[in-house]
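Undergrad: Chain by chain, the residues:
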Amino acid sequence: MHVLDKTQMERLEAKAVNSAKTRQPLYAPRKKIFPKRASGSFRRFKWLVMAITLGIYYLMPWLRWDRGPFAPDQAVLIDLANRRFYVFFIEIWPQEFYYVAGLLMMAGIGLFLITSTVGRAWCGYTCPQTVWVDLFLVVERAIEGDRNARMKLDAGRWTARKLVLRVSKHAIWLVIAAATGGAWILYFADAPTLIGDVFNGTAASVAYVTIAVLTATTYTFGGLMREQVCTYMCPWPRIQAAMLDENSLTVTYNDWRGEPRSRHAKKVQAAGQPVGDCVDCNACVAVCPMGIDIRDGQQLECITCALCLDACDGVMNKLGKERGLISYATLSDYNANMAVATAGGSGPVNPSLVRTADSTFSARLAHFHIRKIFRPRTFFYMGAWTAVGLALIYSLLTRDRLEINVLHDRNPQFVTLSDGSIRNGYTVKLLNMIPEPRTIVVTMQGLQGAEMSVVGSDLPAARFFAIAVEPDRLNMLKVFVRQPAGEVRHAAQTFKFRVEDRASFESDEYTATFNAPEIAR
Amino acid sequence: MSSEHIDEVSGISTTGHEWDGIRELNNPLPRWWVITFYITVAWAVAYTIAYPAWPMLSSATKGVLGYSSRNAVKIELAAAEAAKGKYVAAIQQKTVSEIAADDALREFAVAAGGATFKVNCVQCHGSGAQGSKGFPNLNDDDWLWGGTTEQIQQTIAHGIRFASDPDTRQSEMPPFGDIITPEQIAQVGAYVASLSGKVQDASLIEPGAKVFAENCVACHGDNAKGNKELGAPNLTDAIWLYAPGETAIAVQVRAPKHGVMPAWIRRLGETKVKELAVYVHSLGGGE
Chain Z
1 MHVLDKTQME
11 RLEAKAVNSA
21 KTRQPLYAPR
31 KKIFPKRASG
41 SFRRFKWLVM
51 AITLGIYYLM
61 PWLRWDRGPF
71 APDQAVLIDL
81 ANRRFYVFFI
91 EIWPQEFYYV
101 AGLLMMAGIG
111 LFLITSTVGR
121 AWCGYTCPQT
131 VWVDLFLVVE
141 RAIEGDRNAR
151 MKLDAGRWTA
161 RKLVLRVSKH
171 AIWLVIAAAT
181 GGAWILYFAD
191 APTLIGDVFN
201 GTAASVAYVT
211 IAVLTATTYT
221 FGGLMREQVC
231 TYMCPWPRIQ
241 AAMLDENSLT
251 VTYNDWRGEP
261 RSRHAKKVQA
271 AGQPVGDCVD
281 CNACVAVCPM
291 GIDIRDGQQL
301 ECITCALCLD
311 ACDGVMNKLG
321 KERGLISYAT
331 LSDYNANMAV
341 ATAGGSGPVN
351 PSLVRTADST
361 FSARLAHFHI
371 RKIFRPRTFF
381 YMGAWTAVGL
391 ALIYSLLTRD
401 RLEINVLHDR
411 NPQFVTLSDG
421 SIRNGYTVKL
431 LNMIPEPRTI
441 VVTMQGLQGA
451 EMSVVGSDLP
461 AARFFAIAVE
471 PDRLNMLKVF
481 VRQPAGEVRH
491 AAQTFKFRVE
501 DRASFESDEY
511 TATFNAPEIA
521 R
Chain X
522 MSSEHIDEVS
532 GISTTGHEWD
542 GIRELNNPLP
552 RWWVITFYIT
562 VAWAVAYTIA
572 YPAWPMLSSA
582 TKGVLGYSSR
592 NAVKIELAAA
602 EAAKGKYVAA
612 IQQKTVSEIA
622 ADDALREFAV
632 AAGGATFKVN
642 CVQCHGSGAQ
652 GSKGFPNLND
662 DDWLWGGTTE
672 QIQQTIAHGI
682 RFASDPDTRQ
692 SEMPPFGDII
702 TPEQIAQVGA
712 YVASLSGKVQ
722 DASLIEPGAK
732 VFAENCVACH
742 GDNAKGNKEL
752 GAPNLTDAIW
762 LYAPGETAIA
772 VQVRAPKHGV
782 MPAWIRRLGE
792 TKVKELAVYV
802 HSLGGGE
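Protein sequences, first through last, are from chains Z and X. The opening position of the first sequence corresponds to residue 1 in our numbering, with each subsequent residue numbered one higher. The opening position of the second sequence corresponds to residue 522 in our numbering, with each subsequent residue numbered one higher.
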């Protein structure tokens with residue numbers, strides 16, 4: 001038997017799918033983030049926004065609004081059971097839901113407008129996820145301390161103190177979460193009554209289920225998942241790319257004055273090498289609620305909350321340097337300034353190129369100008385937003401509060417009576433859309449000789465009748481219209497039902513058809 | 522994949538999938554995602570144990586909770602029956618006029634009767650109760666056997682000319698082709714047609730009136746207004762069960778057609794018949 005040399009042995013191109021070298025963990029544990037408290041003008045602005053948005057959310061259901069004795073006095077109420085929606089002086093019926101669709105359109109276009117001008121301001125300031133995470137972080141800092149204390153506590157062994165701190169933190173989070181779920185249901189029923197019912201255990205089970213679900217989601221999203229919601233779950237960061245352009249303001253680390261960064265600026269400077277303004281103190285990273293480094297450039301995870309901007313400005317102040325190493329800047333300004341700092345891209349960033357001899361900034365640097373906000377794109381968004389808004393206002397001011405809808409009986413379309421007269425049946429719906437009782441007069445116009453009678457009422461057959469309608473209700477009547485044989489002109493005649501409120505002079509009309517057999521002509 | 526490819530920028534190995542030079546990084550999954558995934562797997566397994574799921578040879582596993590959609594329907598139907606209970610009990614107790622006088626009961630009876638009508642009556646009377654040739658229109662104000670709620674109830678319960686019900690409404694117009702001459706038939710046809718419209722040959726009317734007085738008044742009355750006791754139609758109105766006009770009338774006189782309506786009491790029961798009577802009465806022509 002011929003024995004092969006081992007070099008002659010063919011080597012197969014095969015590899016184990018889970019070979020130790022390439023084996024990956026099935027999951028990546030979350031890298032915990034311990035955002036440090038920031039202070040500065042943007043942080044103050046965020047506190048203000050937080051106070052306003054949370055204030056609106058928690059207090060709105062308690063606002064009262066007098067609508068008279070026949071409608072609820074809650075300023076904002078979504079009355080699903082009765083299918084009425086109240087927003088201050090506006091009352092919306094289900095068929096007027098297009099107002100809500102219009103508001104959603106405005107919200108969408110408004111989001112485009114805001115994003116194309118000031119970037120992800122929605123994410124950074126007003127998104128409920130951001131606001132509630134901010135609120136949860138306030139609690140966390142108050143109980144466990146700021147960044148370093150929290151990191152130490154987290155790394156340390158479980159002690160009685162750690163247990164107490166953790167339990168109290170999660171307890172307060174749960175209380176906030178429950179209050180969030182509790183406030184939500186108050187929009188759907190009379191708040192003072194419902195809150196009493198919730199506490200004495202007599203509220204509807206759907207109320208408790210809603211509170212439980214929203215408590216769980218608020219606690220999980222705001223307390224446990226935090227930045228992961230933005231990074232993994234929210235689609236909005238992915239849509240940003242289409243919204244932003246080179247003239248949108250975004251939180252930007254200005255490499256052109258920061259690089260090369262150095263922790264030992266003096267030493268480097270003494271060595272005759274260029275040195276930028278960034279002292280690599282990582283203050284921007286420490287305050288970031290998303291745990292990212294803005295100096296890596298604009299990235300998916302950045303919600304543009306501008307806390308790094310506050311942190312860096314604080315450091316620059318201490319160092320006696322100009323603020324704005326991290327700033328709101330547009331890509332076009334940034335690129336222009338980078339071109340200056342790199343001498344047109346011919347070399348690495350040299351911060352001395354952006355400064356004059358007396359170390360103030362060069363006049364060649366681009367600065368954001370308010371004009372950049374006004375560009376065709378934002379005009380278009382603004383125009384569309386305004387158009388929808390004006391259309392909604394116009395429609396709201398001119399909408400009917402008294403309506404008539406008529407449904408002609410389809411089967412049979414007409415009935416011949418023994419005296420030869422023709423009868424048609426109609427389902428007449430009278431809509432009194434104000435919270436006051438009214439007496440409405442229904443009149444027939446056209447259809448010679450015909451008279452109406454209301455089924456189930458004692459009203460005599462006539463060409464008009466008056467009927468009382470309840471406040472905020474639809475009144476459905478079955479009306480028979482009867483025309484004597486001699487008056488029938490066509491197989492299909494049209495006539496009008498007209499409703500009038502003789503007190504307010506409101507009226508509405510409906511053109512209906514009166515059918516007759518061909519033979520009756 | 523022959524060899525491992527490491528992405529230059531991120532330093533992470535790729536899955537080897539490539540689309541136009543774009544490679545997929547082999548990043549690990551987030552832990553919450555994996556946990557959620559395992560929870561859904563566990564949920565799916567538990568679900569197939571708790572609910573009917575696995576197909577076996579002749580049926581499927583029953584599930585430990587004992588749920589079945591058929592049972593759920595039964596429970597819902599029982600709940601619906603229970604909800605109707607108090608109305609049905611009241612309808613059993615009261616007469617049809619009492620039911621019609623009570624707003625809530627009438628509303629219930631009209632809805633229930635409407636449903637029964639759609640299943641049992643539309644075949645002849647039409648889905649809008651508008652009838653057709655030979656089948657009366659129930660919307661109008663012309664009633665062969667009377668249009669009060671009680672009379673309608675009686676008609677529905679026992680039918681018309683329905684041999685197997687002893688209480689059925691019975692009447693039969695004899696075929697006058699055997700009794701009077703064709704001339705007389707033409708004359709009486711013209712007379713009857715003239716009561717509600719125009720006729721071609723007015724000279725037939727007078728002899729027709731005589732024929733009518735001799736042969737027809739016993740059932741249709743001196744003034745031809747009919748007789749509801751006998752189911753004899755009113756011949757002076759605009760409504761014709763078969764067809765209007767002197768020719769059609771003459772055809773009916775010579776060899777009358779008679780419709781049959783079944784008795785419904787044994788099939789539908791007292792309650793449903795009452796509901797139907799209230800429904801039919803509500804269509805607009807009830808007396």
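Some hints could be false.
[To be verified] Okay, derived cross-link-like pairs now, DSS-like style, lysine-lysine, Cα gap no bigger than 30 Å in a straight line:
no. : chain 1 : residue 1 : chain 2 : residue 2
1   : X       : Lys731    : Z       : Lys478
2   : Z       : Lys429    : X       : Lys639
3   : X       : Lys731    : X       : Lys719
It is worth saying that the hints were derived from the structure and are not from the lab.
Undergrad: Hint numbers the structure violates, sorted upward?
TA: 1
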